[in-house]
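J.: Residues per chain, in single letters:
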Amino acid sequence: MLIELLTKKYPGMRLWLTQRISAVMMVIYLMLMLIMLAIKQPHDYASWFDLMSPWWWRLLTLVFFASLFTHAWLGVRDVFKDYVFNLRLRAVLQVTVDILLIAYLCWVCIILWKL
Amino acid sequence: MAKKTPIRNRPKNLNLFTIRLPINAVVSILHRMSGMVLFLLIPALIWALQTSLSSESSFDRLGAMFRHWTLKLLLIGFSWPFFHHLYAGLRHLGQDVHWMTTLNKARFSSRIVLVLGACSMLGFAYYIW
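Chains A and B, in that order, give the protein sequences. The numbers in the numbering used here rise by one with no breaks, and the one at position 37 of the first sequence is 37. To get the numbering used here, take the position in the second sequence, counting from 1, and add 1000.
Isolated chain B (complex conformation):
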């Protein structure tokens, strides 16, 4: 057992700019942040579902909205949190069953998550434009 230090005497470093996060920590915090973004987007998703299904005219109105470039840009922007959260989440599930849990492999899978997220966003952008 490590010797217990009284909580008040622990060294602190609260200057976030002097901390360089390792890639696994970057993926982790982005997972959390993207999760919060997706949470805030829930009402927009339900609203879009409702509008697309309630009548033919509202479906067409929604379609026209999504064809506008500003909304396309917005959609592409928000696709990244979705893809990142999805891939980072799958990585977590893999780690839960002890897949790629050594440091080097975890770093490798982190890189894969970041690259896949970026590629998916670009692919999505290409598809809807």
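Chain A extracted, bound-state conformation:
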């Protein structure tokens, strides 16, 4: 049933599912973050750096941000579709947001790469 709905015939279903999956991934990351903060109790730069710098945690952080940007992209897209009726203006706004989110992703990659 679900697989059938995810075929090319219903592109909206994929976006809908993407929105949900990205939301769940962010919630999982935030819970892991709370657990990490509770265990390691970072109180200065060194301990905070220790918490953030393991390669697997950086990977999870990257997944979190990728989810965040995907989620934001879909959410903002829905808002534009509902309230911005001038198609040209909507296209301009959408492209602006797209570029912003891609730039954010690059920014996060650079931050995590340098750790």
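If you're looking for bench data, these hints aren't it; they were derived computationally from the structure. Don't take every hint at face value.
Simulated coverage check for chain A against chain B, where a stretch passes if three residues somewhere in it have a Cβ under 8 Å from a Cβ of chain B [stated by the list, open to error]:
1. 7–15
2. 48–58
3. 75–84
4. 97–108
Just so we're clear, the structure is a prediction, and the values are computed from it rather than from any experiment. For glycine and all other residues, C-beta sits at the position ideal for the given N, C-alpha and C.
Chain B: place on chain A using the hints.
T.: For chain B alone, coordinates are given in the frame of chain A:
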């Protein structure tokens, strides 16, 4: 099938002040608005991440900033959209799997979302102050 009315002849009521939104609609529109606020906060979040990790001195500078009362107030203010979006989103996920979808239960869960959001913000305020 309902009889189709030509679009131009549909009755309209565009005076928003005469419409009283039901609680589910309130939670829904707040979910959307808080989502937009959170979207606008993304650069601030990334900047804070970068500043906290780039060097010890910038970490301390960020810490000093967050200890200032204005930024604390701001942080508490912005924690509400976060908590509301989180709880309302979890409610949506529940409804996607047909959990609490009757009108009465949906109203109840709406109230829970609003109360939890307010409580979480207060708890967060207490924690960081």
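J.: Take the hints in turn and mark each one as holding or not.
T.: How the hints compare with the structure:
1. 7–15: violated (count 0)
2. 48–58: Since 3 is at least three, the answer is holds.
3. 75–84: holds (count 3)
4. 97–108: It holds, with 3 qualifying residues against the three required.
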